[in-house]
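Enquirer: Chains D, R, B and C, in that order, are what the protein sequence lines are.
Under my numbering, the very last position in the first sequence is 417; numbers go up by exactly one each time.
Under my numbering, the very last position in the second sequence is 417; numbers go up by exactly one each time.
Under my numbering, the very last position in the third sequence is 417; numbers go up by exactly one each time.
Under my numbering, the very last position in the fourth sequence is 417; numbers go up by exactly one each time.
Calculated directly from the structure, the hints in this document are not laboratory data.
This one's a predicted model, so the numbers in the text were calculated from it and none came from an experiment.
Keep in mind that a hint or two might mislead.
Same chains, same label: a pair holds when it works inside one copy or across any pair of copies.
[As the list claims (entries may be wrong)] Below 20 angstroms or equal to it, Euclidean Cα-Cα: the simulated DMTMM-like pairs (lysine to aspartate or glutamate) are:
| id | residue 1 | residue 2 |
| --- | --- | --- |
| 1 | Lys219 | Asp324 |
| 2 | Lys360 | Glu385 |
| 3 | Lys219 | Asp281 |
| 4 | Lys368 | Glu290 |
| 5 | Lys368 | Glu313 |
| 6 | Lys360 | Asp383 |
| 7 | Lys368 | Glu358 |
| 8 | Lys360 | Asp282 |
| 9 | Lys219 | Asp378 |
| 10 | Lys219 | Glu358 |
| 11 | Lys219 | Asp283 |
| 12 | Lys360 | Asp378 |
| 13 | Lys368 | Glu410 |
| 14 | Lys360 | Glu395 |
| 15 | Lys219 | Glu410 |
| 16 | Lys360 | Asp325 |
| 17 | Lys360 | Asp326 |
| 18 | Lys368 | Glu411 |
| 19 | Lys219 | Asp316 |
| 20 | Lys219 | Asp383 |
4 protein chains.
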Amino acid sequence: MAKLYFRYGAMNSGKSTGLLQAAYNYEERGQRVLLAKPRIDTKGATQIESRLGMTREVDFLLGPDDDPRALLAEARGDTGAGVACLLVDEAQFLTAEQVDQLFRVAVDDDIPVLAYGIRNDFLTHAFPGSARLLAIAHTLEELKTICRCGRKAVFNGRRIGDDFVFDGEQVAIDGAGDELVTTYESLCGHCYLEESGGRLG
Amino acid sequence: MAKLYFRYGAMNSGKSTGLLQAAYNYEERGQRVLLAKPRIDTKGATQIESRLGMTREVDFLLGPDDDPRALLAEARGDTGAGVACLLVDEAQFLTAEQVDQLFRVAVDDDIPVLAYGIRNDFLTHAFPGSARLLAIAHTLEELKTICRCGRKAVFNGRRIGDDFVFDGEQVAIDGAGDELVTTYESLCGHCYLEESGGRLG
Amino acid sequence: MAKLYFRYGAMNSGKSTGLLQAAYNYEERGQRVLLAKPRIDTKGATQIESRLGMTREVDFLLGPDDDPRALLAEARGDTGAGVACLLVDEAQFLTAEQVDQLFRVAVDDDIPVLAYGIRNDFLTHAFPGSARLLAIAHTLEELKTICRCGRKAVFNGRRIGDDFVFDGEQVAIDGAGDELVTTYESLCGHCYLEESGGRLG
Amino acid sequence: MAKLYFRYGAMNSGKSTGLLQAAYNYEERGQRVLLAKPRIDTKGATQIESRLGMTREVDFLLGPDDDPRALLAEARGDTGAGVACLLVDEAQFLTAEQVDQLFRVAVDDDIPVLAYGIRNDFLTHAFPGSARLLAIAHTLEELKTICRCGRKAVFNGRRIGDDFVFDGEQVAIDGAGDELVTTYESLCGHCYLEESGGRLG
């Protein structure tokens, strides 16, 4: 039986690179994969972009009301050709219902699903997609990156201009939509609490 | 810097045994540990009980409004003797605020915290304590057990008498409080969906 | 397809407890397990003993020339009743050939094998069974314990009386066979190198 | 205290990509890394090459008699500038002594070492560097890839031309040195045993 995997990590932990490598590994073996991501991510429009410079088109985008299982069937086409794996980037932006459908893709349709995403937002709360993936995914695997202090990063601080901020909407895509540029910095617990003045959540 | 660990698993995956073994390992090295659990668990009152037959008194119980960091300081006493580790059983019943305090015990007080708990309830939703632990714990480690079919269990089905039920309160301690006895069965995704008629969450 | 798991750890990391808990979990589900260990271990004769106080008889002992696959078939008996899992304690003392047979039990006979053992000896060399398990097991899982300094233990220092020693046979069962008692202490890399004067291997 | 990590996987599991991503993550944080690999690998000469198309020069090559700790000190230079991480590719080709020195770099010099490598050769034996890393590394992390059948690959079959071969030197770099081209295929235990006629090791 196939499984739903959640490969989570702080920002800039190499999630998109990992996804593109996994896709490459399958295709090198002559196996077909499909790539998807939520529509909310406006960074790459229809592309998955790795900071190392690789990009690739997704096979389908998921709007908040879309059913990934139906879109998978559609993308798969009439040929009946098998799909060896579904790879989902930015999975933190999925809805809980979409995660449930990914679980059914794995369990009922026997297609492994690799979902890559950020675990928690700039206030340390789990994103909706991540919360559901953390609750039900068959396997949780961490992709690690470091804080500026060298410890493992577990949080994602938000900056507007130079300053860390601890108010605002959950989603503010980095580099977009503000007069001052919004950026994120992966932080360990110690450095996050230092910047937030002890605030957590 | 110390870490907050969440060792999660389906029911009957050996969580209490693992906790008691970890406590034993520390004490064998001459190091002091403290044990705690939420008050909501009425099974063992003030004890941590392993299905293998071992039991041990907790050092403090956590009511829903209690601050684990304050109770830890109190239990630690005036001696100034160090605490090498705080071990928390049934961590799924903690509040989000209590988990945040456990995170501060690890990061600010430099005492490792090992929290053991169930990931999701009989309807596949994360428990409050588990949801927060999954969102912020430094390390997530799975304790595995099997479904009746031999696959890894990820869910916890609830039975009243012989029948699986999919309505009711989140917390119904097994073996307690009903005319018909309430029990739980660890299930894989496939067997859970079969029993629930496809319902998830 | 079943897998061969190697659950390794320093001495006193709770390996036998973990094995007995895994056996309990299977049997609680009505599934049959078989327990085995190499004959070289004279500590418990035909028993698996946990430091927490639990003991259990093995189903068969493995002499250096015994084939675990044949002994498994024999222990299984004529009934044709399935075996859900083979659990092997002290797996560091297996021969490479015996590990290969355990691999075939998993892959060819489709019976999961959980092998528990110590990774390296008092001179930091892998034991024969561990070396082969580390090379081919499907899944490597670490059971953690701590050094006296609080760090994770990775080595096993040998003492005769009060002194650490760095010469001698690979196997000297603790508490046996010397005028002065032989004991072991789980150590982190730092403390090991301190005791050994920088010697490694 | 820093650690020695062994990130192992079958061929084509994305080891070099993972290494280059880890280097990128450090440097993005303004931290300096050094890259090294054994000289035996003639594929990329002084480069680390990812199948996804990225390449990067190593800071130093390790001949069989070279001491990685001395070369690290040399590459580090007189500036006294810190090195946040040493990244080693093709670590299976290290000698046991070189692995011991990497352990000392982590423990004594407090510089984390990430060693990436293949676990076992075409006959399922551990490579010398892998054997020592599996025996002493602080943390073992698997990089997964799939077999042609969809299962996880654990072995590396060697082909000369179209045929799998089970005799020959341990090291025969793929695509080099034979009239017929030597290639490798990552295989699960089941497919390996099928190709080898049951031979293991």
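Enquirer: Could you place Lys368 and Glu313 in one of the four classes (within, between, both, neither) given a Cα distance threshold of 20 angstroms?
Expert: Cα proximity of Lys368 and Glu313: none, with 31 angstroms in one copy and 23 angstroms across.
Enquirer: Up to 20 angstroms between alpha-carbons, please classify Lys360 paired with Glu385: within, between, both or neither.
Expert: neither (26 angstroms within a copy, 36 angstroms between copies)
Enquirer: If the cutoff is 20 angstroms on CA atoms, where do Lys360 and Asp378 land: within, between, both or neither? Let me know, please.
Expert: neither (25 angstroms within a copy, 39 angstroms between copies)
Enquirer: 20 angstroms Cα cut-off: does Lys219 pair with Glu410 within a copy, between copies, both or neither?
Expert: Result: close only across copies, 16 angstroms inter versus 39 angstroms intra.
Enquirer: For Lys360 and Glu395, with the copy left unspecified, which applies at a CA distance of at most 20 angstroms: within, between, both, or neither?
Expert: Neither: 31 angstroms inside a copy, 43 angstroms across copies.
Enquirer: Within a copy, between copies, both or neither: where do Lys360 and Asp326 come within 20 angstroms Cα-Cα?
Expert: between (29 angstroms within a copy, 19 angstroms between copies)
Enquirer: Between the shortest in-copy and the shortest cross-copy C-alpha distance, which are at most 20 angstroms for Lys368 and Glu290: within, between, both, or neither?
Expert: Neither way: Lys368 and Glu290 sit 40 angstroms apart in one copy and 28 angstroms across, limit 20 angstroms.
Enquirer: Classify it for me, Lys219 with Glu358: is the Cα-Cα distance of at most 20 angstroms met within a copy, between copies, both or neither?
Expert: both (16 angstroms within a copy, 15 angstroms between copies)
Enquirer: Within a copy, between copies, both or neither: where do Lys219 and Asp378 come within 20 angstroms Cα-Cα?
Expert: Neither way: Lys219 and Asp378 sit 42 angstroms apart in one copy and 29 angstroms across, limit 20 angstroms.
Enquirer: Since the copies are identical, ignore which copy is meant and state whether Lys360 and Asp282 lie within 20 angstroms (CA to CA) inside a copy, between copies, both or neither.
Expert: neither (31 angstroms within a copy, 31 angstroms between copies)
Enquirer: Since the copies are identical, ignore which copy is meant and state whether Lys368 and Glu410 lie within 20 angstroms (CA to CA) inside a copy, between copies, both or neither.
Expert: within (15 angstroms within a copy, 27 angstroms between copies)
Enquirer: Pop the pair Lys219 and Asp316 into one bin, within, between, both or neither, using alpha-carbon distances up to 20 angstroms.
Expert: Answer is within; shortest intra-copy Cα gap is 12 angstroms, inter-copy 28 angstroms.
The structure fails to meet hints 2, 3, 4, 5, 6, 8, 9, 12, 14, 16 and 20 from the earlier list, while all remaining hints are met.
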